[in-house]
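The two chains are supplied separately, each in an independent frame; assemble them into the complex guided by the hints.
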Amino acid sequence: MAHRKIRNAADLAAFREEILAGRKGIRSRVLICMTGCRALGAAELSRAFSAKIREAGLDGEIAVVETGCIGQCSRAPLVLIEPQDYLYGNVKPKDVDEIVETTLRAGKPVERLCDVAAGSPADTGGAAGKTGGSGSRSGSGSKNGQRTCTASQVGFYKNQRRDVLASCGRIDPKKIEEAVAVGSYLAAAKALQDMSPEEVIEEVKAAGLRGRGGAGFPTGVKWGFCRRAAGEVKYLICNADEGDPGAFMDRAVLEGTPHQVIEGMIIAAYAIGAAAGYIYVRAEYPIAVEHINLAIAEARSCGLLGEDILGSGFGFDIEVRMGAGAFVCGEETALIASLEGRRGMPRPRPPFPANSGFRGKPTNINNVETLANVPGIILNGRKKYGSVGTEGSKGTKIFALAGKVRHTGLVEVPMGATLRQIVFSIGGGVQKDKAFKAAQMGGPSGGCVPADYLDLPIDYDSVKQIGAIMGSGGLIVMDEETCMVDVARFFLEFTQKESCGKCVPCRVGTRHMVDILTRICNGEGREGDIEELEDLAQAVQKSSLCGLGQTAPNPVLTTIRYFRDEYEAHIKERRCPAGVCKALITYTIDKETCIACGRCRKVCPVDVISGEKKVPHEIDTAGCIRCGNCRDVCPVDAVKVS
Amino acid sequence: MEDFAERAVDLDRVDGILEETRASHGSRKSRPIGPDDLIPLLQRIQDAYGYLPYPVLERVNERTSIPLSRMFGVITFYAQFYTEPHGRHTIRCCQGTACHVKGGKRIAETIANHLKVEEGGTTDDMRFTFETVACLGTCFLAPVIMVDDDYYGQLTPDRIERILEKYD
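Heads up: the sequence lines are chains A and B, in that order.
Everything in the first sequence is counted per the working numbering, starting at 1 for the first residue and increasing by one.
Everything in the second sequence is counted per the working numbering, starting at 643 for the first residue and increasing by one.
Calculated from the structure, these hints are not laboratory results.
Note that the coordinates shown come from a computational prediction; the quantities given were computed from them, not determined experimentally.
Careful: at least some of the hints might be erroneous.
Claimed, not checked - Below, a list of computed lysine-lysine pairs in the DSS-like style, where the Cα atoms sit at most 30 Å apart:
id, chain 1, residue 1, chain 2, residue 2
1, A, Lys-174, A, Lys-158
2, B, Lys-808, A, Lys-94
3, B, Lys-747, A, Lys-434
4, A, Lys-591, B, Lys-747
5, A, Lys-497, A, Lys-572
6, A, Lys-92, B, Lys-758
7, A, Lys-640, A, Lys-614
8, A, Lys-464, A, Lys-205
9, A, Lys-582, B, Lys-747
10, A, Lys-582, B, Lys-758
11, A, Lys-640, A, Lys-434
12, A, Lys-497, B, Lys-747
Extracted from the complex, chain B is given alone in its bound form (with noise of 0.2 Å):
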């Protein structure tokens, strides 16, 4: 815990994520931020810091009276939350069952290989994070990784390399 607080956060932003939360509730009126809201919420917040810091999760918790606890208990069970900054690029593999019988392990195994990561893991130089999921809906595509929001299909081994090369 300690590393996050040591790290300079800017606070006035999750006050901007709040009000946004607040006003998101569609046509029906504005109501006061919940724990209902707290999936969207920590969602919000990751897009804006690029993970959750702990600072600003204290901040939720002043502002919202939402506990800690229970954050951390939302956190830690779902994949796509982490308090841990991530690289500028994520790297998704997918895992699915199309990509399984097509060499999808052998694309995960070469860019675990080729980044000198493992699965979950971030590069040294804050360039990559490397994810599996379990698929991306798109099992035409076989195998198939995403690079931040670009799609790559039908790959091979082979073309991992220059695939990364454009991402800096």
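In isolation and in its complexed conformation, chain A is listed as follows (with noise of 0.2 Å):
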């Protein structure tokens, strides 16, 4: 691809009036997600418009953009229709001809492609006495039924504040034109030609930026570390090994939006002074690795990484490495590790990266979130960014928004939103009018925050209170069907095999504390094993080298700590309150509900269940697996778990 060079402010604005010019003619922009959603048919969707559009003869005056995540995951496939701003959701192929017609002819929204109002307010009502919360009410404002077409005013969307997120959704991410269109590079030109190094660190640090790895350390001293370490030859990382089992945010930002990452990471390596950066990216994001890569040989092409870009004398480029398969990698010395091409595994810090680190050289590691905050930092200045968020966390922080909640997708929210707006107001509320019981916050390093806290304000000081923390950004849903033993296991078990082995409290630590969480939630747990659990729990969290052991007993401990008596109900009633616990249940139809339909035998793969058309089917627990499939089919609920 060759591209014009772009050698300095006025190269760059030139460009994009060009851009802007070259689009006089397009009246609308068709925009489908074709990162998360292409799960779900975004493809053949994308196929659909621009054969329908041609044929039309609308070519010259639509656009269609096939763009990174447009948010609201939960309805996809998504399509937004540029400028009214019509939002679809679950489009199908064979909506395309409507939507053409009425809204980008006639320029009428396609109403039952649109959002409905989150919940009637009788089901919301119920999820907020569940929850012993008042007010959780879905947000949207709408009645039930009604139809919202315009994104901005969509409960999920309305309720956030997409500043990091601004264009993802918004633009082709394949394409440099469309990253320069919405202002990308505006930023790095600033820094580059107005601004010193140390401008730079001094604007970061005085916004008040965090890292958005989780640790919350603030990014402005940790560069000004870097700069002053002694050493010619620097490095910058993006860490983009975004490992936590319900995070997401890192791949969407990647895949949306990756001249904005590059931009962030051309100023924080002007800042510390390093010609040379890595991303270290997962292997599990081929669409994400495929993206960035893209990018950067469009920002290569362009001048805008290699030598002297923007014609500041500065020279800085990237590579990227795709991580193998190693949770303790997002652990920085382990990243490093990683990146020599040795076993991923942490070491005692001091010494610091800033100091010695990739090679042995002063290196600064920032998550890829952190790097995207910085563009927006460096162009509207540290007054503006500050003026979001609370005294100690400044700016936004974006969610990955899953589990059973009804919107799931990603989210922005200022820093200081409650657990209450996220989860009802944006996310509207519990799946299936279920009662909230926790969010799991943090992934593996984090906690279960129960509904006591919905309306605490969230940022890195308060998370940590409550036993949780902020972490990468995953947020789970959890319901009255899930079971925190279950859940803290289910952590445990997975930090137990992401455990590198070096330490021994993080080795065997772990191993002790998963075999007691099982066999609690075997039935065979014994009268002294919450004690256990936490007298371990605190050596594993005192004594571990790294992040990862450090931090892996905190599901555990705040499972203990807000829900106890689900641990002595599996302990000393030897029953799992939620139902989930296979060895403290039992599976039973109720006759009267039953309507024999025959769907529930179809799927038992262990045929125990007997019943003919008309006789209510009946299950034979002796022979039972408690696998669980008879109750997910059954349309009428008659499935009974005790």
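Put into structure tokens, the structure is as follows:
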């Protein structure tokens, strides 16, 4: 690909003018999410749009744009129409004709594809009642059945503040022109031409940006350490090894706005004085790898990476490295070991990477989201950035909202927003009107936050106080049917498996904890198990070498702290209140409710369901393996767990 | 080890891969392959051969002087490297948090029962290798699996058979 060289800010401005001028004839853009939504047929949809628009002779005035994540993943595949800002969900190729005729020709919304208010007043009321809270309204403001078509009015978006994600889902991430059109590289030009590295660091420090990877260390301070470290050669690493189960913010940012990350890296590299940068990204993210590689190649071809960027004399280039499936590599010293082609094991600090990191040189490591925040700070200034958020945590935070919530997806809110706002106003509440039980924050290093804290303003410090961590931003909603002991075991199994084995507390301690949790879930819990778990947790926390071990007990400690009664029910009464732990439950079919449809009989893998047409079905509990398939397929909820 | 050696492996390909790796150092001038390049190099080899055949690793050792012990240290540390051939298709069943609370374990059990393989195993006809992964980062699709590069989300156990039928 050959691009014009952009040698200075004037060239950049001219390039931008040209791109915008080239769009003059385009009166409407059809944006189709081609990342997450691809799993649900977005590619076919895009082809259908292109074909139809060509056929209708509209290709000169309407552009079909394949974008990154638009956000409201639960309604995938999503289509957003500019300039009206109509957002359509669950769009099928057969809907394309109608969208072209009604919206693109006549400018009217296709209502049946628009968002329905998150829930009727009745069902949200129920959810609120069960959480013990009040006022957990759906937030979208519209009555049951009413449709909201404008994206900014949809409850999911109305309550967000999309600063970092402003162009995610609005541009084609595979074209640098799209990024430049929305202002990419303006901040890099400003930093490189008008600011000294020290001024850049000062600006980021004063803005109050803290590391979004989880620990929340002030980014500007970290840059300052690396800048001041002795040595000519320095490295910048972007940590995109997003390994937390339940987190996908970094994936979405890399896929949707890769140039924003590259620009953040250029500015960071300039600030610390690095000529080489690496992006360490998970191999499980093929689309992110593809997009970031394309974006780097385009930026290089424009002269925005390489020697003498924007005429500043500063040179910098980026190489992408893929992870090979080791969670611990998200830890910075392990990541460096992995980049150096070694087993990804952490080492004690100090020396910190800022002094001795990659190849023994001063190295600065920032997370994807942190770097994506940087251009905005440089462009709009510390004041504007600092006006959002709480006293100690500035700006916004992106959350990956998933689990048993109505609207899963990518959510950005100001620091200090409450869980209630995120789960109920934005997420539309718990699925199927079940009661909200807890939100798991921060993945395997975090904890479960119970309903009592729904109104706690979330920032780095407040979350820490209640035993969880902000983490990278995974937020999994759990309902009454989630067993908290099982969740604790799930996370411990994960950290146990991912423990690199270098230090004893983590290697052996997590193993012991898993054993205890497993026996509790199997109905073999003993008196004193809870106390032993707490003891072990403390030891592992205090004596592990790296963050993986130090935070591994958090899910256990928070579940014991807030859901001790569930542990006790398992141990003392051999009962799983949520109906999850297989050894402690039985499935039965309620004869009154059963309509004898035979579906459960068909899906039973061990054929222990008997019954015929018009004869209520029955489960032979002796042979039942408690897989729950029958309960999933039952159309009338006749399968009961006790 | 004898097992690997007996399989016929095209060693010319690895020379090409070494060349490619050397050339991939971005705009930075081409430098010789060192231990730093080990992981990307192994990834390329695995992409080309489907796994990491022992004779190929020996060849890498001859050409780059990266010790075999170092290679094996790395290969056994990272979950994504394997020294045995994989099936023609790889099923990755997500076991992340969102999938876990939405029944991901049952999806895994269904696949294992259906294919009669254990987690990490390959079917006798080499059609599928079945793996579980910690998280695919597509939590909104939970429970989700990937077959090769295709995602299948919001799964129920009864859909598994139909999905796997598509791959042979």
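- Task: Please name the hints from earlier in the document that this structure breaks, with their numbers sorted from lowest to highest.
- Result: 6
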